[in-house]
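**Q** This is what each chain is made of:
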Amino acid sequence: MEKGGLGLEITELRLGLLPGSCGPSLVDKNDKKRVFSEIAEDKNSTTEEKSTQTKSQVVGWPPVCSYRKRNSFQEKDHLKKESKMYVKVSMDGAPFLRKIDLSMHKGYSDLALALEELFDCFGISEALKDADNSEQVPIYEDKDGDWMLVGDVPWEMFIESCKRLRIMKRSEAAKGFGLQLIKGFPKGFIKDVTK
Amino acid sequence: MQRMACSFPDEVLEHVFSFVQCDNDRNAISTVCKSWYKIERWSRRRVFVGNCYAISPDMVIRRFPDVRSIELKGKPHFADFNLVPDGWGGYVAPWISAMAAAYPWLEEIRLKRMVITDENLELISKSFKNFKVLVLSSCEGFSTDGLAAIAANCRSYLHCRNLRELDLRESEVEDLSGHWLKHFPDDYTSLVSLNIACLGCEVSFSALERLVGRCPNLRTLRLNRAVPLDKLANLLRRAPQLVELGTGAYSSELRPDVFSNLSGAFSGCKELKSLSGFWDVVPGYLPAVYPICCRLTTLNLSYATIQSPDLIKLVGQCQNLQRLWVLDYIEDAGLDAVAASCKDLRELRVFPSDPYGPEPNVPLTEQGLVSISEGCSKLQSVLYFCRQMSNAALMTIARNRPNMTRFRLCIIEPGTPDYLTLQPLDVGFGAIVEHCKDLQRLSLSGLLTDLVFEYIGTYAKKLEMLSVAFAGESDLGLHHVLSGCEKLRKLEIRDCPFGDKALLANAAKLETMRSLWMSSCSVTFGACKLLGQKMPRLNVEVIDERGTPDSRPESCPIDKLYIYRTVAGSRFDMPGFVWTIDEDSAMRLS
Chain A
1 MEKGGLGLEI TELRLGLLPG SCGPSLVDKN DKKRVFSEIA EDKNSTTEEK STQTKSQVVG
61 WPPVCSYRKR NSFQEKDHLK KESKMYVKVS MDGAPFLRKI DLSMHKGYSD LALALEELFD
121 CFGISEALKD ADNSEQVPIY EDKDGDWMLV GDVPWEMFIE SCKRLRIMKR SEAAKGFGLQ
181 LIKGFPKGFI KDVTK
Chain B
1 MQRMACSFPD EVLEHVFSFV QCDNDRNAIS TVCKSWYKIE RWSRRRVFVG NCYAISPDMV
61 IRRFPDVRSI ELKGKPHFAD FNLVPDGWGG YVAPWISAMA AAYPWLEEIR LKRMVITDEN
121 LELISKSFKN FKVLVLSSCE GFSTDGLAAI AANCRSYLHC RNLRELDLRE SEVEDLSGHW
181 LKHFPDDYTS LVSLNIACLG CEVSFSALER LVGRCPNLRT LRLNRAVPLD KLANLLRRAP
241 QLVELGTGAY SSELRPDVFS NLSGAFSGCK ELKSLSGFWD VVPGYLPAVY PICCRLTTLN
301 LSYATIQSPD LIKLVGQCQN LQRLWVLDYI EDAGLDAVAA SCKDLRELRV FPSDPYGPEP
361 NVPLTEQGLV SISEGCSKLQ SVLYFCRQMS NAALMTIARN RPNMTRFRLC IIEPGTPDYL
421 TLQPLDVGFG AIVEHCKDLQ RLSLSGLLTD LVFEYIGTYA KKLEMLSVAF AGESDLGLHH
481 VLSGCEKLRK LEIRDCPFGD KALLANAAKL ETMRSLWMSS CSVTFGACKL LGQKMPRLNV
541 EVIDERGTPD SRPESCPIDK LYIYRTVAGS RFDMPGFVWT IDEDSAMRLS
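So the sequences go chain by chain: A and B.
Counting with my numbering, you get residues 1 to 195 for the letters of the first sequence.
Counting with my numbering, you get residues 1 to 590 for the letters of the second sequence.
Since the hints were made in silico from the structure, they are not lab data.
Mimicking EDC-like on lysine to aspartate or glutamate, the simulated pairs with C-alpha atoms at most 20 Å apart in a straight line are: (1) B/182 x A/144; (2) B/129 x B/71; (3) A/69 x B/280; (4) A/163 x B/174; (5) A/69 x B/359.
Make a model of the complete structure from these sequences and hints.
**A** Structure follows, in structure tokens:
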């Protein structure tokens, strides 16, 4: 075998692997093949399973690119139903965006508490008890692109249509964001929290 | 001769150079003499950086001060198959910041497999006075908010910024809202190409209709799945000049009025040459495109779950087809029909409809590919997923099509032998490289020994990219390739028993290539350290999510290895699971 441009020392340094030097992880091609076919045997024994996801045990094989995987196979619809409802949440004054999974919460009060934890602030639940004087106004963007007060619609309707959340400063809202703040604001919120 | 070369005024030379566009030729021009180097570098308008870490943005800017078009590639190809962990790198941010300052007249940015954020997009939208083209191919890290920024700033009276092309090809975009499209100003009319096929959410349809209606030069429109079929006809009527169309979901209740409306709209598109999309196809609506089939040169049905008889009826009418992408639902019978009707075919891609199933679900075998090789004399490029192959078939294909330049075969089960003889497929692939003397790209699969690599090293003298998986027996295989393939630029290997010997013996070769990827092979950390120390112009990246390689014996194989040549030294943005070694011979974590 040629020694390339590096001289003898390189090839002499490397004498190949010491057998068994690091446990069961690999090397022999036959070992690899056995592993794969063992997996394949498992696959055959569970062909009743509908979910095709469990069948792809080897990462990245066959080489179907991830874009194609996301957009073609039947499991896509299956996955959608199980998928979480992550929405971005921004808070005026906070330098970062956070994400929250709406499907994890049971109602507006639950959401308010989660938002408080997320942003380490206590304004949101406060807002529900003393609406007019509260600093924070939680609003959300719905499917139609309109910004709405959180709490106006039933919870199920809310999580279906909410695209993202924003915790706005009341002063910002007053500047003409376009919202009309009602007295005793978010009625839904207040009802839930004071239960 | 040199005196003559310098006797032309600079402007004359610059004018002559302007006719030379190819990068290799321009590089050659720049080596003739100092004066030509100087003139060339000031007049180079287009730069292609195949690996964003091979050079730094500052170095590019220093050499080429007036660039108008840049193309950058980030992650290695195997990132497409989830082999590169999240956070590995490929961030475009430093490039955008540097170019925002240095290239105010930049017009085109093309990125592939890079990470681009909304902030980066905003910076692009505000920094370049004459920005025209943004192509994001398999990119990620941004949302529809970033697109809104691009749309909002696409036109400016002051700076004559006029966006022409926005192409999101297969990128992963966070869908916050479909309203980003509304940010295109009402007086913006310059759109030539829009590809939003990868977007998941509904875009504002009325905004889309108005946009399409007011851009008379629109020639490419690729819609996303969420655009329903009953809205397609209206869009087409507003853009009868379209050359390339990607439909949305191609399904709707079968209604004669919707059908005739659609069919009429298609007939009105006299320039249409390329069709794609066709998600969720209802076969009853396929005949709506029949009127334009004879003009089609490109047809992408690779998301269309339609069966062979419908596919045959459709493709049978496309006599001028040059490029066909289709699912294996086409079956061998369908490929026979293609071979008979599409005599101008240059490129065929057959994708698997059920890649994870243990059994073949459709009668698609090596026979389909053999038929195509017999019937389509211009065939140059093949990507074919199937479940059985024989040496005889490969030899036939090779003899039929010596003009082939790209041959990628994926036999779905690793290590599958010739199904007729149960032998390895070495001689079959050997025939491919022997007969197809201009072969540039090759992907192997099936049961293969070191012999196939000997054939490749011996015959594949023009080969530039090779992909190998579950193949070979020893370091000799890798050695054949590295020592024999003179034009090799990219080599990617997974799950092969190749170790240190061939790698170290051919270390110098690695500097002549763009990159080498090896995962789940037998390369040790010791060899990586040695290479890193001895080869300062290579970045040797050990990617291992199991923790520091020092915690395991030096002889223990590493998980993933990515080696690439660079003049920029080690990169500064490596995540915790990437280790690299420099001349200090101390292990360096980023």
